[in-house]
Each structure stands twice: as C-alpha cells, then as structure tokens.
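J.: Chain by chain, the residues:
Protein chains: 2
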Amino acid sequence: MSAQPVLVLVPGVTGASADGAPFARADEAAAQLTVIDLGVTRGDGIFETVGVFDGAPQNLGPHLRRLARSAEMLELPAPDLGILEEAFALAVAEHEDVPELSVRVVMTRGDEGTGVPTAWIHARESADWSRERAGIRVSALSRGLPSTVVADSPWLLAGAKTLSYAGNMSAVREAKRRGDDDVLFVSTDGYALEGPTSTLLVRLGETFVTTPLSAGVLQGTCVASVFEMLAAAGRTTGEKLLTPAEVLASDGAWLLSSTRLVAPITHLDGQELPVDAELTARLLAHLRGA
Amino acid sequence: MSAQPVLVLVPGVTGASADGAPFARADEAAAQLTVIDLGVTRGDGIFETVGVFDGAPQNLGPHLRRLARSAEMLELPAPDLGILEEAFALAVAEHEDVPELSVRVVMTRGDEGTGVPTAWIHARESADWSRERAGIRVSALSRGLPSTVVADSPWLLAGAKTLSYAGNMSAVREAKRRGDDDVLFVSTDGYALEGPTSTLLVRLGETFVTTPLSAGVLQGTCVASVFEMLAAAGRTTGEKLLTPAEVLASDGAWLLSSTRLVAPITHLDGQELPVDAELTARLLAHLRGA
Chain B
1 MSAQPVLVLV PGVTGASADG APFARADEAA AQLTVIDLGV TRGDGIFETV GVFDGAPQNL
61 GPHLRRLARS AEMLELPAPD LGILEEAFAL AVAEHEDVPE LSVRVVMTRG DEGTGVPTAW
121 IHARESADWS RERAGIRVSA LSRGLPSTVV ADSPWLLAGA KTLSYAGNMS AVREAKRRGD
181 DDVLFVSTDG YALEGPTSTL LVRLGETFVT TPLSAGVLQG TCVASVFEML AAAGRTTGEK
241 LLTPAEVLAS DGAWLLSSTR LVAPITHLDG QELPVDAELT ARLLAHLRGA
Chain Z
1 MSAQPVLVLV PGVTGASADG APFARADEAA AQLTVIDLGV TRGDGIFETV GVFDGAPQNL
61 GPHLRRLARS AEMLELPAPD LGILEEAFAL AVAEHEDVPE LSVRVVMTRG DEGTGVPTAW
121 IHARESADWS RERAGIRVSA LSRGLPSTVV ADSPWLLAGA KTLSYAGNMS AVREAKRRGD
181 DDVLFVSTDG YALEGPTSTL LVRLGETFVT TPLSAGVLQG TCVASVFEML AAAGRTTGEK
241 LLTPAEVLAS DGAWLLSSTR LVAPITHLDG QELPVDAELT ARLLAHLRGA
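Chains B and Z, in that order, give the protein sequences.
For what it's worth, my numbering labels the leading residue of the first sequence as 1, then goes sequentially.
For what it's worth, my numbering labels the leading residue of the second sequence as 1, then goes sequentially.
Take these hints with a grain of salt, some might be off.
[Claimed, not checked] Here are the simulated DMTMM-like pairs of lysine to aspartate or glutamate, each with C-alpha atoms no more than 25 angstroms apart in a straight line:
hint	chain 1	residue 1	chain 2	residue 2
1	Z	LYS176	B	GLU75
2	Z	LYS176	B	ASP152
3	Z	LYS176	B	GLU72
4	B	LYS176	Z	ASP152
5	Z	LYS176	B	ASP269
6	B	LYS176	B	ASP152
7	B	LYS176	Z	GLU72
8	B	LYS176	Z	GLU112
9	Z	LYS240	Z	ASP152
10	B	LYS240	B	ASP251
11	B	LYS176	Z	ASP189
12	Z	LYS176	B	ASP97
13	B	LYS176	Z	GLU75
If you're looking for bench data, these hints aren't it; they were derived computationally from the structure.
Just chain B, same shape as in the assembly (with noise of 0.2 angstroms):
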C-alpha cells in the first residue's frame, strides 16, 4: 500500500455541460468534500468497487450498469457511464503500475439544495489478500430483513449500492470480535444472503448456485463471471435459496467479491466446510482475468 492513491473527480458526471472538463485528475489528499454533501450527511449516494489486474479492469461494465441501476433505484439523476469509462481509465492510467488495484467509483446526490451530483474515481493499490483467498472463517449474522423485503418494501432499498454502510461494517466488526474473518448475513425467515461486501457461491454436486436477487442481495458482477465459467465446464448454474444448515452441508461455498475475488469459507459459526483449493485457484484465475 506504499503507491500513491489516485483522485479523478468527475464533475460532468450527469453529462451536464459543466463549465470546464468533465472530468480531471485531483489532489487526493486534499479536502474535495463540502460538510453538506448529502454522501456525508445522509450516506445518500452508489458506489462501485471495481478490480483492475495487471492494469485491466475486470467487469467495468456490468459494475457500471449497476451503478445506474443503483441510481434509479434512489431516484438519483443518471450517471453518464460513457463519462465515468473515460475517467475510470485515466484514474488506472495514471496510478504507478502494480498488480492489483482497487477503484471506487462514487456518486452522491450532492450538495444539498443544489441537486447536482457530487461524482469521483479513486484508484489505489488493493489489500494484500493471500490469507482470506486461501481460507476465511465467517458468523451467520442476521440482516433483520425479510428475504420478501424487496417486493413488500421498495423504499428500503435493498440491492441497490449504497453508501449507507454503517450496518454493514458493523457486522463485520460483531465478526471479528466472534473470532470471525468475515460475515454471512442471513434473513429474519432464515435464508442465507450475502456478505456485507461480497455474495455467496455454493457448490451442490455439480450445481452452484447464488441468493435470489428477489431476496434482496446485490446483483453480484463475479458470480456472473464464475457461472460463464462453470457454465461452459457443463457445470449447472442457477439461483436458490439456502439456509445456513443448507450452506454447511454444501459441498463447498464462496464469498465472491470485486477485490479479494474468491474467498472460500472455511468455517461457518465455527463448523467446518469443505474447501477445493484447486477448484478456487482456477476461480481466482478466472476473475482475475488470468
């Protein structure tokens, strides 16, 4: 984490015509933030985090495109992705080279009162993550929401991504006080969802499957990836729901995500899982573009 972190702000990131360029490289240290960005005051605001391996982004695209379903979703005006592509590449291109960089992309609803979004690419070198690929212990911890909340409660917003995640890195620390790596959440009528930064693989024989994007969970950008993958094995890929019990008797399980990528699970609740090192090595390889 010794590379220097890169800052591109983006303020023509609604394709509005801004005064000057749409986007440009910026301090990163520095303040770019007022105290009245609703980002800050309310966490009202999307984000992505995207991986870039060997300077090339994995699944810009499809985290894009949920960065505008985000926006719909909390009636945010509609980010220009073909913008944010452009600023996305200047952001990798300008960070020293190193294997793995981690870039967030960030829109917030602005200053308030003014109704222009407040956009940035922050690009920098990703966490060293060789402990959690090879293996991570995670808590069962409930979301408190219904696997039904997407249908009966809208406004509530699950599934989309935003940057109300107090919650989220709360959970992580009830996980890590419980001896834990990382948390699986689970839904107040017991079914597995997701991680607070990731989504959930499990192996069923020949079968993986993922959490319903009706239950309320994120629509994953890697599992896409690792179901073409297994898809063109002849491997059968799909959705269902699982309960914790369910996952534990799996024949193996998963927490995908942008930038650790593969993270098998070890241990849930303490009871052991199965673990394929080989078969997540080639998942790794897969994500990581190799």
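Let chain B serve as the given structure and place chain Z on it in line with the hints.
T.: Here is chain Z on its own, set in the frame of chain B:
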C-alpha cells in the same frame, strides 16, 4: 434561508492533543472532507441535529449524550462533550441572529486507515416549518425490521443515530409519491416505531405514550421534554407498543423532532386523526423554550 451558514471544525473532538486549537471556524462553502473519509465512503459516523430558538439551544446536553451513546454503539472513539459544547457555542455565536437555527453536530470515523475521527458543527437557518407544525399527512411504511431487533441483532445499530440514512430518505420520497409529507415506520411484527427523523407521541385519553427504546427507535430528546411538561400537568406518560390501527384510533398523534419540533398527524395512510391545535401550540411553545 438567506443568512450565511457557519461551520466550525472540531479536530480536538476526542480530546487528543491536536497540534492547534481543538476547534475553529472554517469556510462552510469550501471543501473540507477528503474522498477517503469513512463518513462518506461508508456512511460510517454519527450525528445530532439541535434546534436553537432565539439564540437558546434546546436539549443540547441530551443531544450530546445521545451522540456519545451512538459513538459507543459504533465503537467510535468517545467524543469530548465539553469541547463539542464550546464549539457548538461558537457556531451559534458566529451565526447571524435568526429566530430558528438548525445546528448539526457530526463525527465520522475519519479518513480510512488513520483512526482519527472527523468532526464538525454546522449551523444554518432552519427551514420554515409553519405548514408542518399545523399538520402533516403520514404514510405508514415498513422498516423491514422486527421490533425485537435491538435484542436479536445489536450489530444492525438500530437506535444509533448514524450517517447511513439513505433508506430513511428513500422512505420519505415514497411517502411524497403517495401524496403524504412524512413516514411512520412500522416493524415487521406490526408496530408503529418512529419517523425517519422524528419520534412518535400518541395520546390515549389523559395518557401520552411513545415507542419503547427496546423496539429499536432513537431515544427522542423532544419526547423527554414533552413528558416532563405533561407530567407536571398531572398527565400519565410512558412507553407502549402500538399498532398503526391503535394510533389511528387514538386521541391524537404527533411526530416530534428537534428543528420542526411538533407536527400533528392529520392523516395516517389517508385516514383522519383528531388534531388538538391548542395542545399542539402548547407543546410547540414548550419545545421552543418559551
């Protein structure tokens, strides 16, 4: 809303020996926060909004103590309430004299990796709440969480006043889409909880009740003041879980908050409630500190 807002930054919020002054006025129109402040990237921070009426802050002590409780729940460093009180006084003193000020006290987890919170006080003239103080139409909307969430899932931070308010803001947009002004959140087990930025007060004959803290609502500073006033007038006060139907069948209901103060609910999901304008005026005068 023409008077100039006043910003006071509080680098000494944790009482740590900051290099310079523990707080100082800063340019509120200028950028003051970095893009790696966890307040914006994760909604990871806490806040209070305090009303100041004719120069007198209302319930500043209870607000700051609630901030300290929120800090504990989020495992943030404990804020130095004495420093915050002094910084608060400076912000109010520096603001042009207006009848009603809305003063926000914010503390975030700070720039990622530093462990040093960011804190500020932001004072601005309140919106004109005269219409809402005469009456509001309210939509009952599910919060998705059961009324047992505090006991079941403390990591979800129900009852802490965090910056992660995207869902609260979205619920208000849903209410407006329905032709209403505000929201009364309902638990998944069917109890009226609170508004997105307010506390519920209900009259049942000569008894006045609010939602039990155990249901995961924020401890209201206004309702404590109102209960003191009502108790002094010989009324019974207390906590009680009510269904929306019981609220509708009550002798009147209000949403209380620190700058709007008191808003009688005229309609809940389109159904009319009794409104006692005289009592509402007395509650308003009491909360305004008259």
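J.: State for each hint whether it applies.
T.: Hints versus structure:
With a C-alpha separation of about 13 angstroms, the suggested pair LYS176 (chain Z) and GLU75 (chain B) falls inside the 25 angstroms cut-off, and the hint holds. Restraint check for LYS176 (chain Z) and ASP152 (chain B): the C-alpha separation of about 18 angstroms stays at or below 25 angstroms, so the hint holds. For the hint linking LYS176 (chain Z) to GLU72 (chain B), the alpha-carbon distance of about 17 angstroms falls within 25 angstroms, and the restraint holds. For the suggested pair LYS176 (chain B) and ASP152 (chain Z), the alpha carbons sit about 18 angstroms apart, so the restraint of at most 25 angstroms is met.
Pair hint LYS176 (chain Z) plus ASP269 (chain B) does not hold up; C-alpha atoms about 43 angstroms apart against a cutoff of 25 angstroms. The suggested pairing of LYS176 (chain B) with ASP152 (chain B) is violated, with an alpha-carbon distance near 32 angstroms, which exceeds 25 angstroms. Taking the CA atoms of LYS176 (chain B) and GLU72 (chain Z), the gap is near 17 angstroms; set against the 25 angstroms cutoff, the hint holds. Proximity of LYS176 (chain B) to GLU112 (chain Z) is assessed by CA-CA distance (about 18 angstroms); at most 25 angstroms being required, the pair is judged to hold.
Note on LYS240 (chain Z) and ASP152 (chain Z): the hinted pairing holds, with a Cα-Cα distance of about 19 angstroms set against a maximum of 25 angstroms. Simply put, LYS240 (chain B) and ASP251 (chain B) have alpha-carbon atoms about 15 angstroms apart, close enough for the 25 angstroms limit, and the pair holds. Restraint check: the Cα-Cα separation between LYS176 (chain B) and ASP189 (chain Z) comes to about 30 angstroms, which exceeds 25 angstroms; the hinted pair is violated. Simply put, LYS176 (chain Z) and ASP97 (chain B) have alpha-carbon atoms about 49 angstroms apart, too far for the 25 angstroms limit, and the pair is violated.
Under the criterion of a C-alpha separation no larger than 25 angstroms, the hint pairing LYS176 (chain B) with GLU75 (chain Z) is consistent with the structure, at around 13 angstroms.
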